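Q: Chain by chain, the residues:
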Amino acid sequence: MKQIRTLADLIKIKDEYLSKSKESEKKDAPGGKVRIRVHMGTSGIASGARAIHDFLTIELEKRNIDAIVIKTGDMGYCFAEPTIEVTLPGEEPVIFGNVDKLRADEIIEKFIKNGEYVEGILPVNYQIIN
Amino acid sequence: MEEIKMVKYRKQILVCSGAGCDSRHSEEILDNLKLELEALALENDIQVIKTGCFGLCGLGPVVKIMPDDIIYTKVTPEDAVEIISEHIVKGKKIERLVYKDPLTQKLVSASSEMASFKKQLRIVLRNCGIIDPESIGEAIARDAYLALGKVLKEMKPVDVIKLIQDSGLRGRGGAGFPTGLKWKLAFENKSDEKYVVCNADEGDPGAFMDRSVLEGDPHSVLEAMAICGYCIGSSRGLIYIRAEYPLAVARLITAIKQARDIGLLGNDIFGSGFNFDIEIKYGAGAFVCGEETALIHSMEGLRGEPTVKPPFPVESGFRGKPTNVNNVETFACISPIILKGASWFSSIGTEKSKGTKVFALAGKINNVGLIEVPMGTTLREVIFEIGGGIQYGKKFKAVQTGGPSGGCLTEKHLDTPIDFDNLVAAGSMMGSGGMIVMDEDDCMVSISKYYLDFTMDESCGKCSPCRIGNTRLHELLEHICKGNGTMADLDRLRNMSLVIKDTALCGLGQSSPNPVLSTLENFMDEYVAHVVDKKCPAGKCRDLMQYFIISDNCVGCTACARVCPVNAITGERKEPHLINPSICIKCGACIEKCKFDAIIIK
Amino acid sequence: METMKLTIDNKIIEVPKGTTLFKAARELGIEIPTLCYMELHDLNIENKPAGCRICVVEVQGRRNLAPSCATNCENGMVVKTHSTRVLNARRTVMEFILSDHPKECLICPKSGSCDLQNMAIRLGIREIPGTEIAKMSTYRKDTSPSIIRDLDKCIMCRRCETMCNDVQTVGALSAINRGFMAVVSPAFEQNLEHSTCTYCGQCVAVCPTGALTEVDHTPDILRALADPTKTVIVQTAPAVRAALGEEFGMEPGTLVTGKMVAALRVLGFKYVFDTDFAADLTIMEEGSEFLDRLSRHLKGDESAKLPILTSCCPGWVNFFESYFPDLKDIPSTAKSPQQMFGAIAKTYFAEKIGIGRKDLVVVSIMPCLAKKYECQREEFSTDGNRDVDYSISTRELAAFIKQANIDLNNLESEEFDSPMGESTGAGVIFGNTGGVIEAAVRTAYELNTGKKLEKVDFMELRGLEGVREATIDFNGTPIRIGIAHGLGNARKLLNDVRAGKSKFHAIEIMACPGGCIGGGGQPLHHGNSDIIKARAAAIYREDKKKILRKSHENPFIIKLYKEFLGKPNSEKAHHLLHTHYFDKKKKFIVKQ
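Respectively, the protein sequence lines represent chains A, B and C.
Our numbering puts the last residue of the first sequence at 130; the count rises by one with no breaks.
Our numbering puts the last residue of the second sequence at 1602; the count rises by one with no breaks.
Our numbering puts the last residue of the third sequence at 2592; the count rises by one with no breaks.
Bound-form chain A, shown alone:
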């Protein structure tokens, strides 16, 4: 990444990132990708998020699904760790809690492939400043 010397430099980086993710969010677009955030703070990792992250990375590739798996911090849903957030192209993100390998598999097969909801959805129960 290049050195930032002005505000414009900063905003340029911001725009690059935003357009990249917008691209991947587009429905049916060639760049359309499934985005998965695995919440990997200490709570998540302690509950097994690392295994879920690895499982998803390997399985999505095996099953030929074009997806990006990102590690993030925790969202605070400690009672339901590990949690992951899945965003299908053009859709609102959906958060799943208590994800084990079985549920992760179900999420790939039912939700990612068919858009069918599976157990364990945690609605976004907060507002966030933008």
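The hints are simulated quantities; they were obtained by calculation from the structure and are not laboratory data.
Since this is a predicted model, take the numbers as computed values, not measurements.
A hint or two may mislead.
What the hints assert, rightly or not - Just the calculated beta-carbon pair ranges, DEER-fashion: (1) B:Ile1601 to C:His2526: 56 to 62 Å; (2) B:Asp1069 to A:Ala51: 42 to 48 Å; (3) A:Asp100 to B:Lys1586: 36 to 42 Å; (4) B:Gly1320 to C:Leu2222: 49 to 55 Å; (5) C:Gly2171 to B:Asp1415: 52 to 58 Å.
To be verified - Below, computed lysine-lysine pairings styled on DSSO-like, alpha-carbon distance capped at 27 Å: (6) B:Lys1586 to C:Lys2135; (7) B:Lys1150 to A:Lys14; (8) A:Lys113 to B:Lys1257; (9) B:Lys1321 to C:Lys2080; (10) C:Lys2492 to B:Lys1321; (11) A:Lys12 to B:Lys1150; (12) C:Lys2135 to B:Lys1482; (13) B:Lys1050 to A:Lys14; (14) B:Lys1534 to C:Lys2135; (15) C:Lys2080 to B:Lys1309; (16) A:Lys71 to B:Lys1257; (17) C:Lys2492 to B:Lys1309; (18) A:Lys20 to B:Lys1050; (19) A:Lys12 to B:Lys1257; (20) B:Lys1340 to A:Lys14; (21) B:Lys1257 to A:Lys2; (22) B:Lys1352 to A:Lys113; (23) B:Lys1321 to C:Lys2048; (24) A:Lys101 to B:Lys1050; (25) B:Lys1190 to C:Lys2017; (26) B:Lys1340 to A:Lys12.
C-beta: ideal position from N, C-alpha, C; glycine also.
Since chain A is already given, all that's left is putting chains B and C on it; use the hints.
A: Chains B and C only, in chain A's frame:
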């Protein structure tokens, strides 16, 4: 690549099963919806699924229809038929179930519009779980360092300080000192060198908001430290973090490196001539090192113990230089305030406590975890709506706020809006935001003993009241729990607590007796039961329990007598047995063996 | 100067900005009790941890009580030092402290002069509630050659830590452990013997309780005195006579030389001698060594290293052996007066009275605790027989005199015995900071220039400044002299020497603030530095009274050289009166 298929179901109905909705029969709604769909043979077309809490607990039960993005509120089980017949079959919105804004009379049904009815508002946690903390680009995409750029390019230090003062932000570390004022004092103390210190020595058991911020959004803290450095005239930042937070440390190191690499830390940031860099200092995890003077001594390589203030760190801190110490959560509030303005921030919260506060919910509560709510949210909303209420449907007894040295608040405080001053007035404190919920099974005498156990352990030992007094309090509580206490002991307990509060050197000792004082205030009857009746109403104090055999249930099988390790049980075969309480060691072996539920604990 | 006007106990007072409530109250005659606070004003020493919380006072409008020792006066403050709230808090805190303190005052060495005991009396404590369930913090007892640590009695006032770390920069003592078990100790709970401790005893001098005390050698001496086969003789250091009277209710600064000699005779010492005699001898040896090094140095001989450092203070010797072993060839090789005395007593004097060294027991009375360690050093004994058998402090002597039911106040003065009781004023001033170098200058000047000194009193070398310097004209050669007392001050001069930046020809160092008069074995000053000043003045008075005030004029010293030693720095003198130093850095091993 496998084509991502279209949604198989035509529509999906999401039924909230959060604690608030659940208590208002959301399960029945779910069943009724399913039955109705089956009746119409739509079960393969329409999916019904239960979800976690929507955060709209005041309006529950809540049902959401996708992909229409319509939210129905205050739904009853009887409404299920109409939802299917009208909305699903005919595609008509049921206006009766749509939330109506009391002011504008406008119907609000889209989830985006419903957002403002949610109890939680995330400012501090704005990026947690959303960005990759190891990618500075993702942080920048969510406006990281924009406030720093704006400040360096467009604002004078005094203007920024004024802005922070106007926002009403108060320190999130516990005492709630006005942040802007602290910066102003640090700015006004002239020196060739000054320091900005981030206090990440989060020590309250069960509180981990600082860790979460550092793990999920480290740049928010780095940026705010640089802004603070610019304001007070410092070019050196130090983060004091406990070595027990390895993940947070690793992510901080990565973040600092990335920020340096692109010139957001280091020399001549944004070409403004301002230099600022950050170094990490490790703590060994002593609770008292969260106290700012102790923290500074620890950073200097000295024993982590507090010294008398004044002088305050803003006058003479790290290496005797003016030092501004702020908590992680405080720093995380800075950039939004600069980007969105002081009046935006001060519009959130109560009169004297602005913005939001992150709480760590723990104990006998369903939704253990981190939440962030505007100041002024009530304890009831936090515990029963966001927190999902008490586990296993037990009765709420008390909530301990402010960490181990906070006070225990009860039923009567549930509708108190949470802010710095209200909590103190209620006999507790904000602290760093830990909230530990207790239910009917908790013995309040044991609870205060438990907290003292912690503070006693974490006292640095410098001043006599904290070093010795806390140990004496703990001993006396133990004495009472063993059934040896007297009413006079309760007086002594109160006097010792008040004197420790009145005379201890630092915040640790000044607040360590809070659990004792608040339980004496709110649960006097429980103390009296321990010392007068020699009973523990919650059945937690082992020495006050007795094992009895209900003679009606006892068949005289002798199983209990045979298993008793101390031969405390006697009785003829086929006759009711007896337990000799002076021999019984309360090991519980007899209860396990008895097949007739004849043995009870009283 | 900016001032603050406030009300304390209904009295209005105006004090300079920065004055604490404690001091402002004292000006009004209100003595606020405290256990940890200590100030030695003239020596710039202050211990202010604000830890005991006994000195708390009520400040109107303040949420909690304020520690008066660490709270500055502010305009308009309304302070109550003895309100019921304060009294209740003070008593409760005192009860806390006492609840974790052994109740063995009967056999505690500090009993009677214990600050904690006095405070308990002052606050009228008659019982300690909850004793039956109160656990105590207990620790391993540690005995070293000089100092006993009984940490069960430590109240965490941190005075010892201030002396050891801030004043002496020795760093042997610091707080360890947390909470209830917090206590002051060497690192890793090592024994004092395995630490960098110099045995200067300043920790003992300030300890308010019996947590730090000297090793008591009076029982050994009593046994020796009672043994008819032994001849027991005693030497008394100069600083003892200026302080011993305090233990018997006399004004600080009262000289009790003659009464002390009489008391020692009553106690049964066969000969009562004076360490001042050995001090004169030290000047002969050290002064000659200095002049030799100086003349060689001025001639360009690089092996003659300057500055020369005095070596009569055993605490100081321990300090440089631990911290500056690389400089161990700089100090004078002359033994301390105590050891010179012992060496001469067990040879020359034993021969003179016709007994073997094993039957002669040499006792020293010292203001010092490091002397106990010094006389136990291996190099100061022959075939396992020490040159000085036992060293006891001024405090131990006072206790011994009381034990023997001797009424010191009403004793007739007596004279020291001859020959080793004869001394000059130069030997006396060894007890004050600057005194050794002044004595050395008096002799070195005359030996070097061959001229008689016009003025014997070198006022420029006296005083209580931590580091002092003066230039003395030796017949056209300016001799630059440095003086430091307190090891922290010594460290500053030593760092310069190590860096090759020292401008001095000679440096005098004494480990204790004020010199030997402020030694770790002296009667307790309880934080009053006026006492130390009064002792210093007494020493100079004694010097002034003497007819002979230069060591080389002591006729018995002249005789000693003639009859026995030859001349200063002769081979025999070297064998008996000089020593060598060790690198003690390697000594500090962490044993678990």
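Q: Hint by hint, say whether it matches the structure.
A: Comparing the hints with the structure gives:
1. Between B:Ile1601 and C:His2526 the beta carbon distance is about 59 Å. The supplied range of 56 to 62 Å therefore holds.
2. For the hinted restraint 42 to 48 Å between B:Asp1069 and A:Ala51, the CB-CB distance of approximately 34 Å leaves it violated.
3. A beta carbon spacing of about 40 Å between A:Asp100 and B:Lys1586 agrees with the range 36 to 42 Å that was offered as a hint.
4. Our hint of 49 to 55 Å for B:Gly1320 and C:Leu2222 holds, since their Cβ atoms are close to 53 Å apart.
5. Under the hint 52 to 58 Å, the C-beta atoms of C:Gly2171 and B:Asp1415, about 57 Å apart, fit the expected range.
6. A hinted pair counts as satisfied when its Cα atoms are at most 27 Å apart, and B:Lys1586 with C:Lys2135 qualifies at roughly 26 Å.
7. As the CA atoms of B:Lys1150 and A:Lys14 are separated by approximately 15 Å, the hinted pair is consistent with the 27 Å bound.
8. At roughly 39 Å between alpha-carbon atoms, A:Lys113 and B:Lys1257 are farther apart than 27 Å, so this suggested pair is violated.
9. As the CA atoms of B:Lys1321 and C:Lys2080 are separated by approximately 34 Å, the hinted pair breaks the 27 Å bound.
10. With a C-alpha separation of about 24 Å, the suggested pairing of C:Lys2492 with B:Lys1321 holds against the 27 Å cut-off.
11. In summary, the hint linking A:Lys12 to B:Lys1150 is supported, as the alpha carbons are separated by about 15 Å, within the 27 Å threshold.
12. Between C:Lys2135 and B:Lys1482 the CA atoms are separated by roughly 16 Å; this keeps the pair inside 27 Å, and the hint holds.
13. Between B:Lys1050 and A:Lys14 the CA atoms are separated by roughly 37 Å; this puts the pair beyond 27 Å, and the hint is violated.
14. Taking the CA atoms of B:Lys1534 and C:Lys2135, the gap is near 24 Å; set against the 27 Å cutoff, the hint holds.
15. About 20 Å separates the Cα atoms of C:Lys2080 and B:Lys1309, which keeps this hinted pair within 27 Å; it holds.
16. Between A:Lys71 and B:Lys1257 the alpha-carbon distance is near 19 Å, which keeps this suggested pair within the 27 Å criterion.
17. Taking the CA atoms of C:Lys2492 and B:Lys1309, the gap is near 31 Å; set against the 27 Å cutoff, the hint is violated.
18. Restraint check: the Cα-Cα separation between A:Lys20 and B:Lys1050 comes to about 34 Å, which exceeds 27 Å; the hinted pair is violated.
19. Distance restraint check for A:Lys12 and B:Lys1257: the Cα-Cα separation of roughly 20 Å lies within the 27 Å cut-off, and the hinted pair is therefore satisfied.
20. With a CA separation close to 18 Å, the supplied pair B:Lys1340 and A:Lys14 stays within the 27 Å bound.
21. As the CA atoms of B:Lys1257 and A:Lys2 are separated by approximately 14 Å, the hinted pair is consistent with the 27 Å bound.
22. With a C-alpha separation of about 51 Å, the suggested pairing of B:Lys1352 with A:Lys113 is violated against the 27 Å cut-off.
23. Of the pairs offered as hints, the one joining B:Lys1321 and C:Lys2048 holds, with about 20 Å between alpha carbons and a cut-off of 27 Å not exceeded.
24. At most 27 Å may separate the alpha-carbon atoms for a hinted pair to count; A:Lys101 and B:Lys1050 meet this at roughly 21 Å.
25. Using a Cα cut-off of 27 Å, the hinted pair B:Lys1190 and C:Lys2017 holds, with the two alpha carbons roughly 20 Å apart.
26. With a CA separation close to 21 Å, the supplied pair B:Lys1340 and A:Lys12 stays within the 27 Å bound.
Checked against the numbered hints listed earlier, the structure breaks hints 2, 8, 9, 13, 17, 18 and 22; every other hint is satisfied.
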